[in-house]
Amino acid sequence: MERCFPFQTSVTVYKAYTRVESDANTIARALTAQTAETDAIRFLVGTQSLKFDNQITNEPKRLSSENRVLTCAAVWRMPPEWESGSHESPDDSSNNPQTLELLCHLDNTAHGSVACVLWEPLGDGKRVISLAENHVLLWDLQESSTKATISSTATLEGKGQLKFTAGKWSPHHNSTQLVTANDTAIRGWDLRSMSQIYCIENAHGQLVRDLDFNPNKQYYLASCGDDCKVKFWDVRHINEPVKCLEEHSHWVWSVRYNHSHDQLLLTGSSDSRVILSNMVSISSEPFGHLVDDDDLSDNEENQQEDKGKEPLQDSIIATYEEHEDSVYAVEWSAADPWLFASLSYDGRLVINRVPRALKYRILL
Amino acid sequence: RRNEINVTKYSTTPPDSDPTGRRQVHSMLKLYYGMNEEGKVESLDPCDINGPHFDPEVYLNKLRKECSLGELMDHESCTVKQIRSLDSDMQTLVYENYNKFISATDTIRKMKNDFKKMEDEMDCLSANMAAITEFSAHISGTLQDQHAQITKLSGVHTLLRKLQFLFELPARLNKCLELQAYAQAVSAHRRARCVLQQYSHMPSFRGIQDDCHVIMEQLAQQLRQKFRDGGSSAKDLSECVELLLQLDEPAEELCDKFLSHAQSRLEADLQGLEAELIDSLVTDTGGGLVQKTNPGSNPVSPSSSSTTNPFLSPTAGTDILEFIDRGCNEFVSNLCLVIASYQELFINHPQEGELASKKIPEMANGKLHVFVDTLAARYFSLVERRIQEEKGVGDNSLLVRALDRFHRRLQAISKLLPGSAVPSQGTEIVVRAARERIKQYLSALQTFYHDSLTDVRQALAAPRLSVGGASASGGGATSKDATPSLPELLTSLSNFILNQLKSVLASVHLFTAKDITFSNKPYFKGEFCSQGVREGLVVSFIKFICQSSRQYCESAGDRGGSTPPALLLLLSRLCLDYETSTISYILTLTDEQFLVQHHTPVTPVTALCAEAREAAQKLLNHYVKVQGLIISQMLRKSVETRDWVNTIEPRNVRAVMKRVVEDTTSIDVQVGLLYEEGVRKAHSSDSSKRTFSVYSSSRQQIRYAPSYTPSAPMDTSLLSNIHKLFSERIDIFSPVEFNKVSVLTGIIKISLKTFLECVRLRTFGRYGLQQIQVDCHYLQMYLWRFVSDENLVHFLLDEIVGSAAHRCLDPSPMEQSVIEVICERG
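Chains H and A supply the protein sequences, listed in that same order.
Numbered by the UniProt record's numbering, the letters in the first sequence go through residues 1 to 364 in order.
Numbered by the UniProt record's numbering, the letters in the second sequence go through residues 1 to 826 in order.
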């Protein structure tokens, strides 16, 4: 079932070209890292097809817990043997994809098609948010996730047909904040009151495609959209973006912060390129590694140390052009902070490493 | 015969002299009698009988040798004849000389007798003179006593007269006071003053002195009063001051008084000016008052101010020229007058005696400088306020003339007062005004540019609205009506700007005209031309055009294109024209007009051109983006709003595709008006619609094959992958070149890519797919001709159909022939 293109393995960069295919040409659009897994490098790929059952294909090393279908959403359990962590023979097992166990459907027929589903970033995984048309639905999973009930909803009111295009659950503030995008606007929501807390009108010239929170700086947010730009926002000052990148030559579909080194930013675009940027100036480590903003004396010492080496500038680290078609999703590995995957329309999954030179520069 | 000749010679010369001495004497005699010396030329010939070197032997030999006997005979007789005549001449000469000698001897003898008689008479005369001297001494001795007496008497007389003068002095002074003959009084008092001072210990003299003092005090009082009144003429005034100085009045005090007096008058002038400044709309009554307070102080002012004040000022305030005129005529000329008279009085006045020692000129000069500086500062502040009010940029000549006059009049002060800082301050003001002016012109140009852009915008919008309302569906027709004016708009816009710039340059050029006094100041020669006009005005304006053009790209980009695309296109072409020719033209013009000598580094033409080109590129890119976005939005809406699963079998090309083609055509026309055709790939020109259709259909059939035969799924993906491997990556929002084809290619790329991405997000039924097929074929039929490389269109459309097939629940494509029929029908 799975077709592997030749592996390219070297000491410095581990690259894998993987094609996700099922019976027919499989079109893949969704990609996520298995966040609960810390030992193995696992990516979940969601396919988009109509005639066949959509698969959640496990990567060079497997699996999924989230599916994206146009009209419905469901919660799945991963096969238990993977959860137990027996992954010593990945190639063989991937020829035998275990089916996922369907736990429950998120029954949302009343609210229209689902744009995206978000797990609670922290906590015990009992809460899920789905964005459907112009509704925000907060689900509670009960009884070992076999049943989901809507605990609260919010609706975006306005002129015309408002549709959410993307959303992100903030990992900060005790998971009480959600940010959503519809058309050119970005909105923040407070989940306790299910009310809007801020709104960046005209955040992008055209449609906003994706959002991501800086994992280390709670007010910082990255967004991307059809105007080929990636913008960084401080949600306390929403009039102007903190910074704006314009490197892609078509719509930017996906933007992701590295989970531990937030200066590393990954973007995927329908110009078939993946760009890895190094945004030092607005990261939590603007002066290099190990600088603690709270400790001034440390800060000074480090600054003195830094004088020896060239401070890192905001820059494009690399542009990856392995894809032949539009790249719709990019994702960092949950287990290895230096590894990331990108997925294009034709089903090709490319896994790359951050260049070693940069890695050492960040670490040392 | 030889002897005879010798006799003739000796008769004229002393017998003892040798031949050379003889010749000397001969020549001297010759000189004496005025004979010339031409004989000397032949004198060396020994055969010349008259020459001094005559040798008888040689002569005879010669004759004997050369002549026949007859000739000799003739010659002899001739010679004898000559000798005889010479002998007779000689005799007469001797007789004459002898007679003269005898008469001379007689005369001498007579003279001896006469001198003896004269000696006796002289002795007699000397005796007489001695007697006269003796008598004279006797007389003077007798008169001595009487003479001494007379001298004494005359001395007493003078003293008495002086005393009488002293006693009469008070009365005389009083009389003078009554008659106001101050000068006489002062001179009289001055004469008596020393004496009175000397003899003041005597009571009578003291009385006189006291009286005099009182009177003089009174007189000084009167003089001061007169001085203070100031109504008196300059001559009176100067006399007054002179007298006061002679009366030991302290000069400093006088200076102060004089200056304060002058100040009050000048202040009145300034107040008049200020009043005019403050209520420039109301008739300045202050002017009239000023005129009354100092009538006749300046012969020019009444005439000019009478023309300015009552008749002209009630209109919208006085213009700057009038204001400056008035300032010059009233204030400056009065100031000059004051300075001149002051200098006449205190500085240049010939000082006598003790006055000279008081160093009055230095002190007075210092005071004058302070005085002039303070007043001038006030005047300058007024003038500057007035200049600042001069905001209108219509007629620069007025301002320049006013400044010129202002500057020219200040030169008078500099002549009068060489060390004064006033003229340089005035120049400063002029320079500031010029700088300010340049800034105003720049902003005026900028507003003009904005206005003309607004006009263009309206011109672009107006026909579209009117015609668009009339013909509702005909998008192509409306734009056709609107677009023909594009090139005209462009030329008129660029002409407007150029003309405006030229007129501004001409206005600014007035500052450097030859007849303007300040034009030869170093600032106006150098910095004004290069930094002010070239950099501050021309370069800044060009930069402003580029800047504002770029702003159109940036601000409009986020708001979704509030700028009409045609304007973007127009501006892009404008910037490109600037890059190619206009900038260098303008700068050359400026350099020529102002003879700019670049002492400081200036912006080179190339940098400006690069900037203009960049702006043009940006505008054109933005134009492509905006137009692409408009078509994209149409396509996106059409894909997103339709239910593709439950659609009916396609019978027509969807209206939106026709609209897309129409819009593309109209864009093509629009761009074609301003930009050249550009280069296409060679094969496109002869690729007809027919071959194109066959080509695309064959490819499509290959691509759809796997749908019919599910047994070979790998082939499809392999094929598509191989195809992708060999096709170049397409940059969607890539910069375009300055030609029509490139622009259209960019727009079509953006539109089709959007179409593709939207299709991938939808689910299609069988007929949905077929509809997409029909639409794509229709687009293929019409869009290939616009782009540089038709393969691009093929590729993107193939991708669209392919993606739709992937997303199709029942992928059974339509027959190619049917598609063609539908497309040709619609």
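Be aware that one or more of the hints could be misleading.
[Unchecked claim] Computed from the model, here is a short list of chain A residues facing chain H with C-beta under 10 Å: (1) K152; (2) L629; (3) S632; (4) M634; (5) E676; (6) L756; (7) R760; (8) S803.
[Claimed, not checked] The calculated label-pair distances, taken between Cβ atoms and stated as ranges, are: (9) H:G158 with A:D455: 54 to 64 Å; (10) H:D234 with A:E428: 46 to 56 Å; (11) H:N239 with A:L595: 48 to 58 Å; (12) H:R356 with A:K658: 51 to 61 Å; (13) H:G158 with A:V818: 51 to 61 Å; (14) H:I317 with A:A607: 45 to 55 Å; (15) A:K658 with H:E246: 49 to 59 Å; (16) H:E201 with A:A513: 49 to 59 Å; (17) A:N791 with H:I317: 45 to 55 Å; (18) H:D234 with A:A607: 28 to 38 Å; (19) A:N652 with H:E201: 48 to 58 Å; (20) A:A607 with H:N239: 25 to 35 Å; (21) H:E201 with A:E436: 55 to 65 Å.
Simulated from the structure, these hints should not be mistaken for laboratory data.
Only a predicted model underlies this, so the values are computations on that prediction, with no experimental measurement involved.
Glycine is no exception: its CB is placed at the ideal position from the N, C-alpha and C atoms.
May I ask which of the numbered hints given earlier this structure violates, with the numbers listed in increasing order? When the structure is compared with the hints, numbers 1, 4, 5, 9, 13, 14, 15, 17, 19 and 21 turn out to be violated.
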